[in-house]
Every structure is written in C-alpha cells, then in structure tokens.
Amino acid sequence: KNEVEQSPQNLTAQEGEFITINCSYSVGISALHWLQQHPGGGIVSLFMLSSGKKKHGRLIATINIQEKHSSLHITASHPRDSAVYICAVFNAGGTSYGKLTFGQGTILTVHP
Amino acid sequence: DAGVIQSPRHEVTEMGQEVTLRCKPISGHDYLFWYRQTMMRGLELLIYFNNNVPIDDSGMPEDRFSAKMPNASFSTLKIQPSEPRDSAVYFCASSPWITTSGSIYNEQFFGPGTRLTVL
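Protein chains in written order, with my numbering: chain A, 1192 to 1303; chain B, 17 to 135.
The shape of chain B in the complex, shown without the other chains:
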C-alpha cells in the first residue's frame, strides 16, 4: 500500500484565497484524522471521521474551516478565506479499527503533510 497520500505537499497562497487540502487514506481504514502542526501549539486534532461520518470537529478553529469525506477513499479540508495565522503543516492520518481486552484504540498512520503558507 502507498500509505496515506496528501496533496499538495506545499501550498503558498495570499490572504483571502480559498485553500483546499486533499487526503487519500489507506484502503480499508475506518478512521480519518486531520491535524494541524505549528511551532507554538504543536500537533492539534482538527476533526476526525469514522466511516466517512464526522465524529468530533471540536478542534476546527472557526467557520472558515470545513472538512468533508464524500467516500472512504477521499477527504478534503478547506479554508475559506485563508489568513496568515493559518500557516502551518496540515497532516492527515488514517487508522484501522483495533480492539483488545475491551479497550478501543487505533494505531494511526500519518501522511507526509501539506505545508501551507498564507501571505
């Protein structure tokens, strides 16, 4: 398997423009996660999906951010309008469903990230 695929790898845009980040999870994985990483705040969960349904979007910073997962093999994270403070590396990760001894947790596999710069 090619792993989690993200595109583009780098994006430079001007303030006010719409930005769309794309992610293809590993085939067969039930969960998809969007993260943002900055120097100041480290890694933060933005939103995650289970079987294409958004489960927890409490990390989405504001209404300018939206995420969709129209099918099991594709997800987008959109920022409209973009602002300089959105500059960060955005990671997508996917995971299978794993249970053991009654506990539920999932090893996550990360994509290479998209480095976004908003001027």
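Just chain A, with the same shape it has in the complex:
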C-alpha cells in the first residue's frame, strides 16, 4: 500500500461543477503539498498546509491531521482546470527535512 493515496484516480466533470479530490496518508507528516501539472507542462505548487484550510481563488484545500486526510476543492470548475493534481507529504521527524512523498495523482478533465 502506498504511503499516500489519492482518490479518484480519474475525474471528469462538466464546466461549473464543484470538484473534490481526496488524499489520505499513512505516515506522520509535517505538512502537505498540493501540486498541479498541466499536460506537457511543469509542476506548480498550489498549496502547502499543515492544518486547517487555505483558499486561493476558486481553490480550497483542507487538512485533518488527526484523520490523516486532505481534500482539494475546486468551485465553479472550468476547462482550464484540466490537469493532474498531485498530493505530496513532508514526512515528519528524522533527518530527511523537506523530503516529499507523492501520491499517484488525479487526472481531472473538465468539459465545456
């Protein structure tokens, strides 16, 4: 079992729909990273959070450290949101500061 599991693996939506991508992890973490990767493009950091909730435009990320779970929400989805969304966690403790463990990614396609 992977240390970081995302669901769903693939997600198709119609423009305007509310979208949720989930991330569960099995290790103790310092913080969690949500990343976005467009087809053929690089990787962009969306959020880094260690507790509570963060919001940026139409994107909202939440984390529950006790339940080892995080969600990424997209309100009023748009075709330009189509991308791969990757959850990554910073393992807590030890000497591997800043070392990320990645989920397998969620492929989101938003149709007009």
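Treat the hints with care, since some could be wrong.
Label pairs and their computed distance ranges (CB to CB) [as the list claims (entries may be wrong)]:
| no. | chain 1 | residue 1 | chain 2 | residue 2 | range |
| --- | --- | --- | --- | --- | --- |
| 1 | B | Gln33 | A | Leu1240 | 40 to 46 Å |
| 2 | B | Thr133 | A | His1229 | 35 to 41 Å |
| 3 | A | Leu1240 | B | Glu30 | 43 to 49 Å |
Below, computed lysine to aspartate or glutamate pairings styled on DMTMM-like, alpha-carbon distance capped at 25 Å [said to hold, decoys possible]:
| no. | chain 1 | residue 1 | chain 2 | residue 2 |
| --- | --- | --- | --- | --- |
| 4 | B | Lys84 | B | Glu34 |
| 5 | B | Lys40 | B | Glu78 |
| 6 | A | Lys1244 | B | Glu123 |
| 7 | A | Lys1245 | B | Glu123 |
| 8 | A | Lys1259 | B | Glu123 |
| 9 | A | Lys1245 | A | Glu1258 |
| 10 | A | Lys1246 | A | Glu1206 |
| 11 | A | Lys1259 | B | Glu60 |
If you are wondering where the hints come from, they were derived from the structure by calculation, not from laboratory data.
Cβ atoms here follow ideal geometry from the backbone N, Cα and C, with glycine treated the same way.
On the provided structure of chain A, position chain B as indicated by the hints.
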C-alpha cells in the same frame, strides 16, 4: 526571479551514451531536489542537497546515476551509460528553509523538466 531553470528541455540519445541534465535553482534557496517522473511510478525523489551537500540519495536507482552540486547555483544529474528504461521526465526543484511552530518543511518550486528519451 526566473524560477528554476533546467536544460536541456528535451534530450534524445542512444543506449549506452552519457547524459547530463542541468539545473539552476532559485537564488537563495538552500535545498535542491532531483525527481524522476514516469507513467508507471509517478514522481520519485532521486536525491536532494542542502547547501550543496547531498543529504539523501536513497532514491538514486543504481550506480549509473550520479548527481553533483559544485556550487549554490548549479547542479547536474548524470546517467552513464544510459538505458531505455531511463526514459522519463526529470524535474529539478528548489526550496528555501521555512520553519513554523517547530515543524520544518519547505515549499518546493519546480523547474520545467527535461524529457529524456533513450533509444
């Protein structure tokens, strides 16, 4: 700042050849990471440096892979000899040092990647 710079963006080579990938991190960032991304395995950490010193190279697949960081503004990842199974996108990322409430973690900034194809 121009962000993390990687070169080349695309590399096509034949099996057995030496391949060198290059990375210039964001100025002032203490950490540099090399990742590999494939369809089968997703993103994997290969090695990372703190202040030019390798900290964790447990992800380097085998002796054919080596990485150096001779100074704070330059790093290389070398594959010698290359094999078809090395075909992947290789990302470099850098991060500053951030601490909060006693926890230590770093937001990472990724370069555009180098797409390597080994024939």
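Taking the hints in turn, this is what the structure says about them:
1. B:Gln33 x A:Leu1240: 40 to 46 Å: 43 Å, holds
2. B:Thr133 x A:His1229: 35 to 41 Å: Hint violated: Cβ distance 20 Å, outside 35 to 41 Å.
3. A:Leu1240 x B:Glu30: 43 to 49 Å: The hint (43 to 49 Å, Cβ to Cβ) holds, given that leucine 1240 of chain A and glutamate 30 of chain B are roughly 45 Å apart.
4. B:Lys84 x B:Glu34: Holds, at roughly 15 Å.
5. B:Lys40 x B:Glu78: Judged against 25 Å, a Cα distance of about 24 Å means the pair holds.
6. A:Lys1244 x B:Glu123: 17 Å, holds
7. A:Lys1245 x B:Glu123: 15 Å, holds
8. A:Lys1259 x B:Glu123: 20 Å, holds
9. A:Lys1245 x A:Glu1258: Roughly 18 Å between the alpha carbons, so the hint for lysine 1245 of chain A and glutamate 1258 of chain A holds.
10. A:Lys1246 x A:Glu1206: Holds, because 20 Å separates the two Cα atoms, which is no more than 25 Å.
11. A:Lys1259 x B:Glu60: Roughly 21 Å separates the two Cα atoms, so the pair holds.
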